[in-house]
Structure formats: structure tokens, C-alpha cells
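Colleague: So you can see what is in the structure, the chains are spelled out below.
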Amino acid sequence: MSDRAANRRKRQADKRQGWTDGLTADRLGQFGIGVVLTLLVLAALGPVVSPYDPAEQDLSNRLESPSLSHPFGTDQLGRDVLTRLLHGARFSLGIAVAVTTVRLLVGTAVGLVAGYAGGWVDEALMRLVDTLLAFPGIVLALVIAGILGPSLVNVMLALAVVGWASYARLVRSSVLSLREREFVTTARLLGRSRMHIATRHLLPNVVAPVVVLATLDIGSVILGTAGLSFLGLGAQPPTPEWGTMLASGRNYLRQAWWLVNAPGLCIMVTVLGFNLLGDSLRDMLSPTQTAQMEEL
Amino acid sequence: MNGQELCKRLLTMAIVLLGVSLLTYGLIFITPGDPARTILTQQMGGQIPSQEAVEQFRAENGLDDPFLVQYAHWMGDVLQGDLGHSYYNDRSVSEMIIQRLPNTIVLAVASIFVALVIAIPAGIASARNPGSQADYAAQIGSLIGVSMPNFWLGYLLIIVCSLRLNLFPVAGAAGLEHLILPSLTLGSGMAAVIARLVRTAMLDVLDDAYIQAARAKGLRERIIIYKHALRNALVPVVTIIGLQLSYVLNGAVVIEVVFQRPGLGTLLVDAIFARDYPVVQGVTLLIGVIFVLMNFAVDLTYSRLDPRIDLGGDPT
Chain A
1 MSDRAANRRK
11 RQADKRQGWT
21 DGLTADRLGQ
31 FGIGVVLTLL
41 VLAALGPVVS
51 PYDPAEQDLS
61 NRLESPSLSH
71 PFGTDQLGRD
81 VLTRLLHGAR
91 FSLGIAVAVT
101 TVRLLVGTAV
111 GLVAGYAGGW
121 VDEALMRLVD
131 TLLAFPGIVL
141 ALVIAGILGP
151 SLVNVMLALA
161 VVGWASYARL
171 VRSSVLSLRE
181 REFVTTARLL
191 GRSRMHIATR
201 HLLPNVVAPV
211 VVLATLDIGS
221 VILGTAGLSF
231 LGLGAQPPTP
241 EWGTMLASGR
251 NYLRQAWWLV
261 NAPGLCIMVT
271 VLGFNLLGDS
281 LRDMLSPTQT
291 AQMEEL
Chain B
1 MNGQELCKRL
11 LTMAIVLLGV
21 SLLTYGLIFI
31 TPGDPARTIL
41 TQQMGGQIPS
51 QEAVEQFRAE
61 NGLDDPFLVQ
71 YAHWMGDVLQ
81 GDLGHSYYND
91 RSVSEMIIQR
101 LPNTIVLAVA
111 SIFVALVIAI
121 PAGIASARNP
131 GSQADYAAQI
141 GSLIGVSMPN
151 FWLGYLLIIV
161 CSLRLNLFPV
171 AGAAGLEHLI
181 LPSLTLGSGM
191 AAVIARLVRT
201 AMLDVLDDAY
211 IQAARAKGLR
221 ERIIIYKHAL
231 RNALVPVVTI
241 IGLQLSYVLN
251 GAVVIEVVFQ
261 RPGLGTLLVD
271 AIFARDYPVV
281 QGVTLLIGVI
291 FVLMNFAVDL
301 TYSRLDPRID
311 LGGDPT
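Chains as they are written, first to last, in UniProt numbering: chain A, 1 to 296; chain B, 1 to 316.
Everything hinted at is true.
Covered by chain A, according to a simulated footprint, are these stretches of chain B (three or more residues, beta-carbon under 8 Å): (1) 6–16; (2) 155–162.
Short derived list, chain A residues pointing at chain B, Cβ under 10 Å: (3) V139; (4) L148; (5) G219; (6) L231; (7) A247; (8) V260; (9) M268.
In short, the hints are calculated from the structure, not lab data.
In this text the structure is predicted, and so the values were computed from the model without any measurement.
Glycine residues also receive a C-beta, built at the ideal position from the N, C-alpha and C atoms.
Using the sequences and the accompanying hints, generate a full structural model.
Modeller: The structure is reproduced here in C-alpha cells:
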């Protein structure tokens with residue numbers, strides 16, 4: 001890459017940070033943290049505090065509009081929507097964290113190996129990465145999950161398989177820029193093993209951008225899970241998963257608008273929270289690290 | 001980009017295309033259980049097929065051969081434009097795709113149009129007065145747009161525009177009135193990303209010396225913005241539109257289901273649930289290939305639009 005291209009990227013990155021000037025990145029970031037923490041508390045305590053059972057049907061109270069006793073109304077089987085949303089938060093957050101962790105671990109390992117080993121290993125791994133990135137993510141995940149058969153576990157598997165490639169690319173390009181730095185050369189001259197250099201010297205230096213990428217990725221995993229569940233591949237009714245709830249609500253658009261809007265709003269607020277958090281974490285990175293993230 | 005670089009890029013693209021086809025074909029081998037049995041059971045409406053029927057089906061469809069033989073056979077056909085036949089009605093997959101493809105292309109083009117119509121004015125308004133109310137509004141709108149699941153937005157529009165106001169039909173793909181809500185849904189999500197980029201690019205350009213020169217000449221602000229600045233600011237925007245193709249294709253699948261629009265997305269989803277593997281493979285392969293070619297085209301256009309851009313490839 002020429003200096004000019006590098007400078008250009010850097011300038012773009014600086015400008016990008018400027019996006020939140022005025023609204024102050026800090027304030028948006030704090031809002032993001034607030035949303036995420038609130039969700040965690042709600043997911044942890046909500047189901048315990050709620051007076052209803054998410055699966056308890058009450059056919060005499062079907063499709064009841066929002067009221068004091070049912071703040072988000074009831075669904076087609078008379079179940080309390082708020083209770084189901086609170087249980088759904090556990091699914092969404094749990095799945096998002098699990099899938100993102102797998103993506104992060106696999107991608108980091110592959111990126112470290114590719115960047116440090118070089119040669120045909122690097123070539124082969126990077127062509128695999130290119131192939132995975134050659135598909136629009138949700139389409140590939142949809143096909144994989146569909147062939148494995150509809151279930152929440154298969155959706156998680158599919159999203160994990162599809163999504164590790166960008167972590168590998170990020171880690172590899174960080175490793176390439178670190179490989180020739182003095183502290184790595186010194187370690188090599190001191191006769192440290194490859195394993196030692198990779199885990200003790202390279203890994204700590206890629207942690208920050210990888211964590212930022214993961215935070216930004218959580219939002220897209222939540223959207224992906226909800227999307228696949230909405231299409232009928234993920235959680236099956238009566239599981240109170242947000243995407244599944246939205247999908248069953250679509251048959252009652254006329255009578256009960258809250259059935260699609262309540263889970264939709266939950267998904268949006270959650271994704272927004274993680275995106276804002278990720279944005280403000282990214283602003284804390286050094287310009288070189290930001291430039292590497294821009295390349296993704 | 002010189003000839004050597006172009007060759008290198010073409011070679012890489014060929015390898016990726018090979019990977020895409022291997023992955024697409026390999027997918028059916030991850031299916032749990034015996035695909036022949038599953039398919040026959042479905043075809044016979046849930047009855048358990050006899051052993052002979054299963055073996056005959058396998059032999060007919062070449063499912064007994066080793067993976068690479070099957071792949072080579074399939075690839076040979078694909079290169080001649082033959083994507084195989086549906087397991088269910090024996091129609092050719094290419095024919096089914098050709099029938100559905102126009103609807104998806106129309107949706108994609110209309111969505112990109114909607115996205116630009118929203119994003120360019122919003123981005124310009126933001127960039128002209130950073131920190132103004134308009135800027136805040138655009139920023140907040142963009143943050144929300146990026147975080148909103150597009151299927152929810154689709155239902156919101158259906159509830160408001162179709163059920164309450166009776167402006168548009170709920171579902172179908174017959175005419176223009178069936179295109180408005182889906183393209184609005186898909187386009188506004190895209191607009192959120194593009195508006196961000198237009199703002200950044202405009203801010204970048206408005207600092208340049210030639211804009212100051214134009215101002216010093218006393219040109220009208222409107223001419224400066226639209227004639228001088230926008231033209232240069234649009235270079236990165238072209239790239240992002242190319243890259244947003246991923247968003248369009250991902251989104252089209254879901255949006256077509258929401259609005260029950262016959263297209264590539266609904267074809268894929270129906271085929272997945274019916275375990276109609278030739279159709280699944282055909283559509284997946286097509287989407288992968290389109291995506292790879294588009295990315296390549298974007299790279300080429302990008303370097304042509306702005307000769308300063310260096311496509312060195314690997315950042316090594």
C-alpha cells in the first residue's frame with residue numbers, strides 16, 4: 001500500500017470520528033453502555049420478577065391490547081407479551097455473545113496463524129476467508145442453517161461459521177504490521193519459540209481492535225439471529241425468541257399491532273445499544289488500528 | 001492499475017469463484033441423514049420410501065459417486081448453463097431463476113434509488129452545517145436506520161400505509177404500487193449507511209483548496225455544493241453502493257418474504273424448506289458469483305474514477 005493510500009485512509013478515519021462531534025461521542029457511548037447494562041439487568045431479573053409464565057396460555061384474554069396488567073398486551077394465545085420479551089432477551093443476548101465469542105476465537109486463531117506463518121498456509125487460509133466473504137452473510141447462513149434443519153443451535157452454528165472471516169482478516173493485517181517491529185525481532189533473536197512469540201507478543205497487541213470489532217459485530221449477530229428465526233429457521237414457537245415472536249405476530253397485523261412492534265422495538269434498541277458502544281470503543285483506538293478496521 | 005496487477009486480481013477472483021462453487025456444492029453434504037431418503041419421503045407426502053426407490057433415486061441423481069466426481073459433473077453442467085432440475089416438478093433450475101430474477105433486480109435497483117434520494121440530500125445538509133439541528137436529525141436517523149431490523153420496518157409500513165391509510169397493497173409483485181413499500185423498506189436501511197458516507201466525503205471535499213477558490217470567485221453556494229463538491233464526494237459513495245449489494249441481497253431475501261413477493265429470495269427460502277437442493281445450490285451459486293463479480297467491478301470503477309487510488313492489493 002502506498003503512503004498516499006494510507007494517508008487517505010487515515011484522513012477518512014479521522015473524519016469518521018468527526019461524525020459524532022457535537023452530539024459528542026462520549027454521550028452516545030454512555031447511552032450505549034446504559035442500554036446494554038439495562039438489558040443485562042432486565043434479562044437477568046425480568047423473568048424472575050414477572051408475575052406471568054411465558055408459556056402460560058389464557059385463551060379468555062387473547063389479543064388484549066396494552067394495559068396496566070399487560071403493558072405490552074397479550075398474544076394470540078393470551079400469553080403476556082412483556083414476560084415473553086424478557087425471556088427473549090436472555091436468548092438474544094446469550095446467542096449473540098456465544099456466536100460472537102466463537103467468531104472471535106476462530107478468526108483470531110486463523111489470523112494469527114496466517115499472518116505469522118506466511119507462505120502457502122497464509123495463501124490457503126486467506127482464500128478460504130475470501131470465499132466466505134464472497135457471500136452475503138445472511139444468505140449463506142440461511143442456506144447452512146436450512147440444510148442442517150430448523151433449530152436455534154443450527155442458526156448459531158451457521159452464523160458462527162459464516163462470520164469469523166472478518167476477524168481473521170483484521171488479525172492477519174495487524175500481525176503483518178507487527179511482525180517486523182523491534183520487540184518481535186528481539187524476541188526472535190532471543191530464541192523464543194513461534195508459539196511464544198505469537199501468544200505473548202503478537203496476541204496482546206491485536207486484542208483491542210478485535211474486541212472493538214466484536215462489540216460492533218454483536219448487533220449484526222442479533223439482527224441475523226432474529227432474521228433467520230423470523231424466516232422460520234431458528235427458534236420454533238412457543239420459544240419466546242424475538243424474531244420468532246415477530247413472525248407469529250404478522251398474522252395479527254390488523255387486530256394486534258403490538259405483536260410485531262414490541263419485539264421489533266426490542267431488537268432495534270438492543271442493536272442500537274451495542275452499535276453505540278462499539279462506535280465509542282472504536283474512537284478510543286489508535287489511528288493505525290482504526291485504519292486496519294476500515295479495510296474490512 | 002497496470003496489466004500485471006489486473007492479471008493477479010483476475011487470478012485471485014478465479015480462485016475465489018472456484019471456492020464459491022465448491023462451497024455451494026459441498027453444502028448438501030452437511031445435511032443430516034440421507035438426502036435421497038429425505039427427498040423421497042417429502043415427495044411421497046410423508047410415506048416411507050422403499051429401499052429400491054431410494055437406491056434408484058440415488059443412481060439417477062448420481063448421489064452414489066464420490067464427492068469430487070459429483071462436483072466435477074455438476075460443474076461441467078453449470079459451465080454450460082445447466083443448473084440441474086428441481087426435485088419436485090422437474091423444471092430446470094435456470095428457468096426458475098430466470099423467471100424470478102427480474103423481480104429481484106427491480107427491487108434492488110428501486111431500493112438503491114430510494115437510498116440515494118434520501119441519503120444524498122441528508123448527507124449534504126449534514127455536512128453544510130455540522131452541529132446544526134438538521135445534522136443531528138440526520139445522525140440520529142442514520143443510527144436508528146442501521147439498527148432497525150428491516151423486516152420490522154416492513155411490517156410497520158404495512159400497518160401504517162396499507163392497513164390504516166389504504167395507500168398500497170399489502171403483498172404481491174404486479175405493478176409499481178407493489179414496489180413502493182418493499183423498496184422503501186430496503187432503501188431506507190441502506191440510506192442510513194450511505195448518508196453517513198456522503199456527509200464524511202462532503203466534509204472532506206469542502207475543506208479542499210479548490211472549493212475555497214470557487215468561493216473566492218464568488219460562485220453561488222448551490223453551484224459550489226452540487227457542481228464542484230458533490231461530484232468529487234460521490235467517488236467513495238460509488239464504492240459503498242457496490243459494497244451495499246451484500247445488504248441488498250441479504251435484505252431482498254427477507255423483504256420478499258415480508259411482502260410475499262416472488263423473487264430470488266422467496267425462491268431460495270421455499271427451496272430450503274422443501275429441501276429442493278438443486279434449486280438451493282443454483283440460487284446460492286448465482287448470488288455468490290454476482291457478488292464476486294460486482295466487487296471486482298467496483299474495484300475497477302473505483303480506480304478509474306479517481307486515478308490517485310492505488311490498488312496495490314495486499315497491504316504487505
